[in-house]
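Asker: Residue-level listing of the chains:
2 protein chains.
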Amino acid sequence: MKLKSILTILALSFITMSVSAQKFVDAATLNVCGQTLKSESKPFSRFDPTKHPLPNKHVVQMSTYSTGMYVMFSTDSKNITAKWKWLKRGISNNMTPILQRGLDLYIEKDGKWFFVGVGRPSGNQEKCESTWKLAKNMPEGTKKCMLYLPAWCEITELQLGVDENSSIGPIESPYRYKVLTHGSSVTHGASASRPGMTYTARMSRYTGFDFINFGFSGECKLQPEFAKIIAETEADAYMFDAFSNPSAKEIRERLEPFIKTITEAHPDKPFIFLQTHMREDTLFDEKWLSFNLERRATVRELMPQMEKKYKNVYFLNAENITSSDYDGTVDGAHPTDLGFDNFIKTYLPRVKKILKKYGIK
Amino acid sequence: MKLKSILTILALSFITMSVSAQKFVDAATLNVCGQTLKSESKPFSRFDPTKHPLPNKHVVQMSTYSTGMYVMFSTDSKNITAKWKWLKRGISNNMTPILQRGLDLYIEKDGKWFFVGVGRPSGNQEKCESTWKLAKNMPEGTKKCMLYLPAWCEITELQLGVDENSSIGPIESPYRYKVLTHGSSVTHGASASRPGMTYTARMSRYTGFDFINFGFSGECKLQPEFAKIIAETEADAYMFDAFSNPSAKEIRERLEPFIKTITEAHPDKPFIFLQTHMREDTLFDEKWLSFNLERRATVRELMPQMEKKYKNVYFLNAENITSSDYDGTVDGAHPTDLGFDNFIKTYLPRVKKILKKYGIK
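Chains as they are written, first to last, in the working numbering: chain A, 1 to 361; chain B, 1 to 361.
Incorrect hints may have been included.
Which copy is meant is left open, because identical chains are indistinguishable; a pair holds if it fits in one copy or across any two.
Result set (SDA-like, lysine to any residue): computed pairs, CA atoms no more than 20 Å apart in a straight line [stated by the list, open to error]: (1) 178 - 48; (2) 144 - 355; (3) 88 - 290; (4) 109 - 269; (5) 127 - 325; (6) 260 - 25; (7) 356 - 208; (8) 51 - 311; (9) 83 - 207; (10) 112 - 283.
Derived by calculation from the structure, the hints in this document are not laboratory data.
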């Protein structure tokens, strides 16, 4: 046996030892947060589609994703590894695989949550599992951890590995109040760079309120099925990016029944509707520009009427929501981390002001 | 035959008609820009690796990518379609497929370049070709177009389709002066959202100077092969993100020979060296933090010596280059559009000031 082969075997043994020196726990035994409706059978799904009718099959599929979910735990381990599996789906070419199928770890320091590392999915789309070291060489002591789950897949298994001589256990979510946030792909997370950079995740970190992600890419069209679910879901406030998917005609037909259903169910809670952003691929597309202008004009016409008629309904209108130079999106429609930065700067101060009136501060 | 089938066939015929009503030209016959060294045989490659020795096979492979390249043309067509093919490579999970294999169209309006639309690659990684409408329903008149090519693949074919009754032809690049920009994955483009959002592409749009992308992911380590190529490549200025890949030890060994070679070859040109950013996954990783601190300290120690000893050498040091809150990257290392926004705000005003001294303004 050549020296090189012996060294290779020794190196491999060392890697195996180093991995086997970790013990794994099922993340479902920790504190899994961020669901709109917990599923008994699927601990990493944000909703249980067997409990409510949903508008269509695509929504049913997306409802079982781990979108907006995060696992709260503490550990005194110096290293944290994740092993996870997911159900196969196609690759969306306007998002990173890390956003779609990856993990994103934050740890608390001096009362703030900081990015620590990602869990990278396999680059081979046929392989629906991955093992990745999320954190390594950490200092002694107990770390409070928040692990964001993928935005665009159903997780079937998630194990977290820590050093054998260390402990790991659930901790409480740091967030007070629930702000159920229903919306389009923009809310769902397209096209943040990683799960912790969706606008709901960022608004939660920036405020300490739990912006629950109930976004459904392409499918948020003021449907009665969604109104009914929102009516039956308790939260402290409700926020809507509800004008990015429907046409002006659909908005005109569906807006009032939708608002009637949700406000009657929660007479004392605030309902904050965000204007949809001008698409950034409209500058040279005359038809698409008209469609977007008409849609935004319809919203500007109808929402003030709703604000007058229905107590606790708020409409936040804005221009240049994702950028002032047409460079805030990956594809015209979907904000990048930069576009979301502008989105958050545009809306969050106004959202906080409304929430404050309801004691959410 | 059922009505639905008849309608489907009619719809398909209409799509075929609509596509066949376009005529296609080989983009190589237009003005293909942004190469460091044009290749005779590969019109969409940024370098010809047969002309110069390169440090290793990975660099040879990346040198044939279309990174940083753009095609200049004008057309009075109302619609623009692209058909393109590329060589297969794995999917990088910290980048969008649009950045890696997609296209990104800008059009001039009132003297500025604006985002118009992307060309999406296939979501199936086995399929290495795509056809996509980059722009549609545009107004009458001649449009000046800049089409950014993919950052992470070798393009083997690119055809542009315009309306049959319209014309398409090459135009000059709008950029004056060449700033050859050599660097790591950060320069190469990771992890901008699309090809037009790399920092070199953005700096070019913001200044009117041509920041030529000579970035090599993971491989920019002050090697003599790169020094020789830079020595033999004429440009008006040279910029370096040269401290993101090598270790402190490598920087100490290689920096001066590298600077000697390039400054002797271009005695009157400016050489601007950018400090590497602190990795954003260092906050809890004590070893990785030390490695990064040592590397940055080495650069801060050596570069002022180089500035004294070699005329026209400049060092731009900076803190918080990608963010002040650790949320400027997709994975700790690679800036997002948001991280690059901070990067550009940190460096570009200082870069412009130096270039101005050399008449580049």
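Asker: Go through the numbered hints given earlier and state which of them the structure violates, listing their numbers in rising order.
Answerer: 2, 3, 4, 5, 6, 8, 9
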